[in-house]
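Residue strings, one per chain:
There are 2 protein chains.
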Amino acid sequence: MALSFYDISVPVFVRGLGQLSHVLDKGLAHAQASGTDPAALFNARLAPDMFTLAGQVQSASDASKLGTARIAGITAPSFPDTETTYAELQARVAKTIEFLNGVDRAGVDGAEAREVVMKVRGNELKFTAERYLLQFALPNFFFHVTTAYDVLRHSGVPLSKLDYLGRF
Amino acid sequence: MALSFYDISVPVFVRGLGQLSHVLDKGLAHAQASGTDPAALFNARLAPDMFTLAGQVQSASDASKLGTARIAGITAPSFPDTETTYAELQARVAKTIEFLNGVDRAGVDGAEAREVVMKVRGNELKFTAERYLLQFALPNFFFHVTTAYDVLRHSGVPLSKLDYLGRF
Numbered sequence: 052m053a054l055s056f057y058d059i060s061v062p063v064f065v066r067g068l069g070q071l072s073h074v075l076d077k078g079l080a081h082a083q084a085s086g087t088d089p090a091a092l093f094n095a096r097l098a099p100d101m102f103t104l105a106g107q108v109q110s111a112s113d114a115s116k117l118g119t120a121r122i123a124g125i126t127a128p129s130f131p132d133t134e135t136t137y138a139e140l141q142a143r144v145a146k147t148i149e150f151l152n153g154v155d156r157a158g159v160d161g162a163e164a165r166e167v168v169m170k171v172r173g174n175e176l177k178f179t180a181e182r183y184l185l186q187f188a189l190p191n192f193f194f195h196v197t198t199a200y201d202v203l204r205h206s207g208v209p210l211s212k213l214d215y216l217g218r219f
Numbered sequence: 052m053a054l055s056f057y058d059i060s061v062p063v064f065v066r067g068l069g070q071l072s073h074v075l076d077k078g079l080a081h082a083q084a085s086g087t088d089p090a091a092l093f094n095a096r097l098a099p100d101m102f103t104l105a106g107q108v109q110s111a112s113d114a115s116k117l118g119t120a121r122i123a124g125i126t127a128p129s130f131p132d133t134e135t136t137y138a139e140l141q142a143r144v145a146k147t148i149e150f151l152n153g154v155d156r157a158g159v160d161g162a163e164a165r166e167v168v169m170k171v172r173g174n175e176l177k178f179t180a181e182r183y184l185l186q187f188a189l190p191n192f193f194f195h196v197t198t199a200y201d202v203l204r205h206s207g208v209p210l211s212k213l214d215y216l217g218r219f
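First to last, the protein sequences are chains V and H.
Going by this note's numbering, the first sequence opens with residue 52, and the numbers climb by one from there.
Going by this note's numbering, the second sequence opens with residue 52, and the numbers climb by one from there.
Excised from the complex, chain V in its bound form (with noise of 0.2 Å):
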């Protein structure tokens, strides 16, 4: 059995992205039952100068989808970061979502050796695919989860690890 480039990048994104749905629509459902003010938990962060949990929201998708195209060689689509609502920030997980589910498989298996090249803080970073993958492109994603999941934590919301981690 060989390990395929698709698998290690493409559906531990697209699981991922549906955990983050789970854990906001729970977050909102705790607003609802608590009578706090869901823009209140939209807006909240960890530190006044970390994104707050709507952009922790937008960053995962970012990371997911241009993970996804640069191991890919494809262009993602760009997602504005205007959404002011749950139903808006549910809507851009699902689209994101939609778009890796639509990544063809031929194009990323086999790519690991591809350069990527981005820049990050002005520097000019090169990459095969497969590191920019395992160093860059999934740790950054599980961050931006795992810090929408501590965002709802610290505010209150009950939650527990398999909800971030999924069912088996």
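What the hints contain is simulated information worked out from the structure, not anything from laboratory work.
It does not matter which identical chain is used: a pair holds within one copy or between any two.
The calculated lysine to any residue pairs, modelled on SDA-like cross-linking and capped at a C-alpha distance of 25 Å, are:
id : residue 1 : residue 2
1  : K212      : N174
2  : K170      : L216
3  : K212      : A98
4  : K170      : L213
5  : K212      : N191
6  : K177      : N191
7  : K146      : Y57
With chain V held as given, fit chain H onto it using these hints.
Leaving out everything else, chain H in the frame of chain V:
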């Protein structure tokens, strides 16, 4: 170029633990420079029923050593959660990296179809080693590394995402 099961697992954990050690160093330095009690930071958490910073580090250690042991079919060393200082936490991270660096590449490569059985909250779950790595071990590991970072950020430690991602 074929993907290697070792390359998509062990070095990913080792890199993440190195960054965890780096953000812990920055946390301690910030506490010392700002006159904050390091013990308060050590025991800081994002919610009353979440792990402290120390607990997140212990969990990242466990996630990586148990994750690797399960996919390699070996036994991980037992590290009791007795750390009470930053130096002890850093030693825990270093011991975990030492264990991971000693894992035989040949025992991991080709093991992607190995059966992994684990108990989660009373349920016995069966995975292939590949599915276990991608759906459980890696997301779980990044959860704890990110949450350690988030606790530090929430406590006022100046960090940027590149402290988490590392140098390229």
